[in-house]
Amino acid sequence: MIIQCKSCQKKFVVPDNAVTAKGRLVQCSSCGNKWTQYPIKQKTQKIVNVKNAPKASKKKTKRKKTSGIDVYSEEYLQKKHGIKIIDPSSSDIKTKKNSQSKTKKTDNAGYGFFNYLITFSVLSIFFVGILNFEKSRLSRKFPFLEPYIENFFETLNNFKIIFIDFITSY
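Take the sequence shown: its position 104, counted from the start at 1, is 104 in the numbering used here, and no numbers get skipped.
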């Protein structure tokens, strides 16, 4: 059964057996209005045979062709963007492709200076971290390395202090 709030006109679906013949107090969840709902008496509807009216045929509007050049035609691309469309079956293109592929192979940029610099710095930080983690074990196995390891980390600490002082002074 579908009931409707009298104040805000919101509709709710309620099971048929929830509303008895005595009625039931219901409350709208939207506006909070309370009322007693009685079962709705269904009215018998008369079935009326209505003949289908002939549908009005829609007139198809013809699109007018824009005057001028088509958007992606060779002429338009040449005039607007300066692009020349060349037939791919011509032999000139094949020779250009071959020469371009040869130059591309020789023009490889390689690894580059900054890539080497980044790789070197990441690897060095990695090895310093491993050395810091293993310095006590290395000192036990090779006691003669202990002063060298301590000196290395003291030097790194000095560089860190110099760098921080340089940054904070400017």
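Because the hints were derived from the structure by calculation, they are not lab data. Mixed in with the good hints, there may be bad ones.
Under the rule of at most 25 Å between Cα atoms (straight-line distance), these lysine to any residue pairs were calculated in the SDA-like manner [said to hold, decoys possible]:
| hint | residue 1 | residue 2 |
| --- | --- | --- |
| 1 | K141 | I161 |
| 2 | K141 | K160 |
| 3 | K160 | G110 |
| 4 | K41 | M1 |
| 5 | K6 | A18 |
| 6 | K41 | T20 |
| 7 | K135 | F166 |
| 8 | K62 | Q78 |
Taking the hints in turn, this is what the structure says about them:
no., hint, result
1, K141 to I161, "violated, 31 Å"
2, K141 to K160, "violated, 29 Å"
3, K160 to G110, "violated, 33 Å"
4, K41 to M1, "holds, 11 Å"
5, K6 to A18, "holds, 19 Å"
6, K41 to T20, "holds, 12 Å"
7, K135 to F166, "violated, 30 Å"
8, K62 to Q78, "violated, 29 Å"
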